[in-house]
Amino acid sequence: MMYELMIRSNFAAAHQLREIGGSCEQLHGHTWKVEVFLQGEELEEKGILMDFRKVKSIVKKRINKLDHHYLNDVLEGMNPTTENLARYLFEKLEESICSEG
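In my numbering, the protein residues as written are 58 to 158.
Worth flagging that the hints you see were computed from the coordinates, not collected in a lab. Because the structure is a prediction, the values reported are computed rather than measured. Heads up, some of the hints might be wrong.
Said to hold, decoys possible - Each computed SDA-like pair below joins lysine to any residue, with the alpha-carbon atoms no more than 20 Å apart:
(1) K117 / L100
(2) K111 / R65
(3) K111 / M63
(4) K122 / E92
(5) K122 / L150
(6) K118 / E151
All chains should be modelled from the sequences, with the hints used to inform the complete structure.
If you want it as structure tokens, here you go:
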């Protein structure tokens, strides 16, 4: 059996896409929606996949580093596309969640 835990969040941030052409190269902002899914085949002793409060706190800390910021600066050297932002968040959250155990 596969167990799943999901956290939803959102944040507001601005960015300018590079080498895309058109109006997206101008400074503009979005309200970004984030959904984080954790899956596992086994539950902890307490009957949980992972402490929901802990996961929610990790996600909130990471999202707060993006909220009301200029993503071109945060993503350092990456074109701040939706896809690159998703990869950035995945890598940062994976690192934080795995280190929390």
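Status of each hint after checking the structure:
Between K117 and L100 the CA atoms are separated by roughly 23 Å; this puts the pair beyond 20 Å, and the hint is violated. For the given pair, K111 sits about 14 Å from R65 by alpha-carbon distance, which is consistent with the 20 Å threshold. The straight-line distance between the Cα atoms of K111 and M63 is roughly 13 Å, inside the 20 Å bound, and the hint therefore holds. Distance restraint check for K122 and E92: the Cα-Cα separation of roughly 16 Å lies within the 20 Å cut-off, and the hinted pair is therefore satisfied.
Distance hint between K122 and L150 is fulfilled; the C-alpha atoms sit about 12 Å from each other, no more than 20 Å. Distance check on the hinted pair: K118 and E151 sit about 13 Å apart at the alpha-carbon level, within 20 Å; holds.
The structure shown violates just one earlier hint, number 1.
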